[in-house]
Amino acid sequence: MAAEAGDRAYEGAGPPFILGYHPLEHGRNSMNTTLTQDEITRLEERARFIRLETIRLISIAKVGHYSSAFSAAEIFATLYYDTMRIRRDEPAWIDRDRFLMGKGHAAVALFPVLADLGFFPKAWLDQYTRLGSPLGDHPDMRKVPGVDFSSGSIGHALSAGLGMALGARILKRDFRTFVMLGDGEMQEGQVWEAALAAANHGLSRLIAIIDRNGFQLDGRVDDTMAIEPLREKWEAFGWDVSDVDGHDVVSVAECLRRLRDDERRAKPACVIAHTIKGKGVSYMETEPGWHLGYLAPADEARAIEEIMAGAAR
Amino acid sequence: MAAEAGDRAYEGAGPPFILGYHPLEHGRNSMNTTLTQDEITRLEERARFIRLETIRLISIAKVGHYSSAFSAAEIFATLYYDTMRIRRDEPAWIDRDRFLMGKGHAAVALFPVLADLGFFPKAWLDQYTRLGSPLGDHPDMRKVPGVDFSSGSIGHALSAGLGMALGARILKRDFRTFVMLGDGEMQEGQVWEAALAAANHGLSRLIAIIDRNGFQLDGRVDDTMAIEPLREKWEAFGWDVSDVDGHDVVSVAECLRRLRDDERRAKPACVIAHTIKGKGVSYMETEPGWHLGYLAPADEARAIEEIMAGAAR
Amino acid sequence: MNRPLDPGSWQYRELNSRAPTLSTLSDTLIALAEEGHPIVAGSADLQYSNGLVGFARRYPERFIQFGISEQNMVSAAAGLATTGLMPFVATFASFLALLCCEQIRMDVAYCAQPVRLIGHHAGISLGFYGTSHHATEDLAIMRSIADLTVVAPADGAQFAAAIRASVHHPQPIYFRIGRGHDPVVYDQDTPFAFGEAITHGIGDEITIIATGSSVHPALEATRALQAGGKSVGLIDMHTIKPLDEKAVLAAADRSRIILTVEEHTILGGLGGAVAEVMAEHGARARLVRHGIKDEFSLIAPPTHLYRHYRLDAQGIEEVARALLA
Amino acid sequence: MNRPLDPGSWQYRELNSRAPTLSTLSDTLIALAEEGHPIVAGSADLQYSNGLVGFARRYPERFIQFGISEQNMVSAAAGLATTGLMPFVATFASFLALLCCEQIRMDVAYCAQPVRLIGHHAGISLGFYGTSHHATEDLAIMRSIADLTVVAPADGAQFAAAIRASVHHPQPIYFRIGRGHDPVVYDQDTPFAFGEAITHGIGDEITIIATGSSVHPALEATRALQAGGKSVGLIDMHTIKPLDEKAVLAAADRSRIILTVEEHTILGGLGGAVAEVMAEHGARARLVRHGIKDEFSLIAPPTHLYRHYRLDAQGIEEVARALLA
Ligand SMILES: Cc1ncc(C[n+]2csc(CCOP(=O)(O)OP(=O)(O)O)c2C)c(N)n1
Ligand SMILES: Cc1ncc(C[n+]2csc(CCOP(=O)(O)OP(=O)(O)O)c2C)c(N)n1
Ligand SMILES: [Mg+2]
Ligand SMILES: [Mg+2]
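Protein chains in written order, with numbering that gives the first Met the number 0: chain A, 0 to 312; chain B, 0 to 312; chain C, 0 to 324; chain D, 0 to 324.
In case anyone wonders, no lab produced these hints; they're calculated from the structure.
Keep in mind the model is a prediction, meaning the values are calculated, not measured.
Do not rely on the hints blindly, as some may be mistaken.
Unchecked claim - With a Cα cut of at most 25 Å, we get these calculated SDA-like pairs of lysine to any residue:
{"no.": "1", "chain 1": "B", "residue 1": "Lys142", "chain 2": "C", "residue 2": "Arg285"}
{"no.": "2", "chain 1": "B", "residue 1": "Lys61", "chain 2": "B", "residue 2": "Glu286"}
{"no.": "3", "chain 1": "C", "residue 1": "Lys245", "chain 2": "C", "residue 2": "Arg306"}
{"no.": "4", "chain 1": "B", "residue 1": "Lys61", "chain 2": "D", "residue 2": "Leu14"}
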């Protein structure tokens, strides 16, 4: 079952995926922000691929963060197959855009993408979480080609991304740094230290994307430690703020293209991506308990069905 | 010279200082917020006493934070001689209002007040910073009666104050918790963790006072790590925000009385006290180097003169 | 989709709050609160991981949810304690002992507030959740802080006894707990005293000194070795600080080898503490420190890691046998 | 008031940035940058305390001011290092090693980034600024972290040599520095190698093993004891990790007593590291650990504290004499 889902996902990828942006490695501002229908279809397909692979990998581990991965599937797809300047097969390219995950526990959704891009052999995925495997619940830059920074302890990533953006400026390199943050992560003080510093240093090439899925581990963010008004917080900390529907690849991709290419902006940019935790699998979408769990084969099959059906929608 | 300044300061205190508020230990909402001329004079006199004592104590230590103490002199005076519900000679009274200093390095201004209130013998002050003395550069609750919490590492105090305010609620006690913070302190992430939590828990009896003196150790806050718009930050974190002139005892005292007594407010309250670092001594007022330093006797004498003259103004 | 889920599917939060050692935490705190002790509890978005959800349901007004802000939780716990309450705050050991190290030193230990810190899922028990979630330095770190008691109970019964004893303990305490699924070592009413090790025997050849999650496998290894005719003993050093020096020296006096076993780096933790006592007293025995050998631990399911690092019964037995050879 | 101030008045920021050991930091970094090394430096509102203001003036675009947010600084330094730069970030040791403990473990050490962490004003050197500003646990804490080199230079010359050597050192490093006013122990061109202790002699009766700020007073004490006809030696253990085990064992083989001296708790730091080696190798010598005896340090002017804790030359000599008696 798991293998089947995995195969199906990779079949969907077809011949080496043609990337809308990466061939233009050296040009910024070189494309408009509007997506073609073709691009939309591809990104949606990649988001589906990410969800299916998430299910497959967790079926190997026997426990995992399905719902944290699902809420971010369209964001991962858009970043890696549209927004970011990267070179297939060259994970360490010095001028690549960087990606960091504050919510490192969604790495299960990142690994299939990195494998798909050729950063490491797809066979590695089959060993997910096994002894000796580089792939665990969190991303590990020391072990996994294509992971730009390790995480696991929520709250460090924006600081590390700040360091990369500072490094880019000092070294006069024009790469962008994208940092995905959880909404529960907003409760960590270090995030605000980094936010303040990024604004002070005018790091306009630093872009934070908040996966505003409304849930954290203990339940609804609102019941645990409410974070609204979130836009006002980021604005007061000196950031440019955009809201997007985090499951609409058009909305996400157009916003990220715009922020990526806007050279007039003096501030770092924050995207609040409104998402649904567990998106794509009905019985996860509102149930906080799915932050961490395991689907028996029968339920896994239903989840796969729903994901495929959602894609057809 | 030093002893003289100290004596003079205590002479100023005259017979046991009559407190405007403390006799009314059990009544809240029992006084109006307008200060009498008598109260104004007294508070100004106590602020002067604090500045003079700061100079005297630092002359013992041979190095200290004059300017951080001076910017907060009116705030200390107002809190301890007007706002806070405390009992002279009973530092550990369970229903006392609590005071914490995030900017613990201004404790040199607090110790004379605590001695003046009878919390410990005035003679202790003469041993300031000597081996075995409880009194050092930072407040130490384990050693100094009347110190409600130790500090020194900038950024913890609002969290500790949050804990006290939560404790008050759980124990159904109505004491207020006042936390003095530096403006440089706003850069510590833990402050924002505490701010978020206090708003979430609706701790309206928690009152933060920011000594907005514009300087930190390395220079101007604006040049080091700018924190504006500060009001917007606190509002976005769910606090009620007031601005006051931190050297005008009327403005400070009326604001604090209002916040202390307002039982309808559901939010914690933050007071941005606009102050001048080094206030009262001209050559310190704009010179960032005075964050830490030492005045030779001749300059000490000039400082004392200026402080006395300012009082006459 | 309204069909119920397959019984084979599960949500962590439902399962884990029933883990024996951890439900012990909640149950014991509820019992103490019922007896009138001024218990309050706090968690940083991990109430299902540490089982405090049980206490939270029973005493919602005495439970404080801090969200994902561990440092705020620790400093606030110190503030809470100043008002006369006795706070128990819990989170993963890596986030408690490492992320909050300075708050623990200053606000809890230096301010001498009776806060009880529960670092759970310590060691490598979080398996493939990653090295970021492992805590193999916490004993060394907590032990360096003055006026802090450091305890690693072996199982749920000992944990419960230690929590009970803590009510009359003047110092702040760091409790180091594993995944909460520890096999039973002790009866429910085994006595517990801070700083008094439990000696299960002294061996002429080897005495194993183990702590926390390593006590049960060390006990099994000891029994296996004894069954094979070896003179091997075991000390359960549940309190890392203050260390029971007498127990160490008594063993070091009779045994040829002292073998410390801990789910922790061999630097500065139990092994380090025992080394200090032995070297300072010029002990006769040789010390061998078994644990994580000053390296970042790998990831894998926990049992695989225990196997890999020889921290399961079989592994400890192998290590001991090699020393006897 | 425009009259100039009395020459007897002074501002800390003007004075301290000229402190010898600390101006060494800035000067050496400037020299390395001039030689083409990709140095960047960062400070958290303490550029006058650590002297980095010098580097900041020379290379403003390579200096990063983080304000009072140490944790952000450490994680950002790791991010900076990933781009090929070599960051040196500095703040008071208590805020670096304790407040940023987890960031150091995860973002620097675990991510294996060549960040150089400068914990200055370590030990009790901040005198009456308070126990909050003392760092008497940092060696124990940093030593527990895998893949991190831990160094405490004895003076400015050794610090400069260590910074120079660090350019070719693959691991991240924690440097422990005092107030920056250390008396001179070494010539400017004394060679330095990480992990290779400098043995100033082995004594039949006592060999002192000291580190960092304790080397100079220990050297004086050693000379005084030698002048009194005692066979006393001294090892400068500038690298706490990796520890020069050979040097320890060579001394433990010949001396009756090994006396470790450190401006640090006697638990888990230099004394702890030496104890581990001695106990593990069944060393013949007895170990005595001198330092802060697992208590929160008092406040007072630094020299008074050194006297009180017997960490000055006279104190170390007294401790040694008592052992010889
Ligand atoms: C510092 C830290 N504290 C606690 C945890 C445990 N933890 C893992 S996921 C999680 C909830 C995260 O919520 P959110 O940021 O909203 O991410 P989501 O999964 O909802 O996208 C927590 C508390 C952690 N990984 N790091
Ligand atoms: C965590 C921490 N980092 C650094 C310091 C060193 N330090 C002492 S005072 C100070 C500047 C404080 O500035 P601010 O908060 O504005 O206080 P002010 O003296 O201006 O009132 C710094 C950085 C400290 N005490 N704590
Ligand atoms: Mg979330
Ligand atoms: Mg200020």
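* Indices of hints not satisfied (ascending) -> 1, 3
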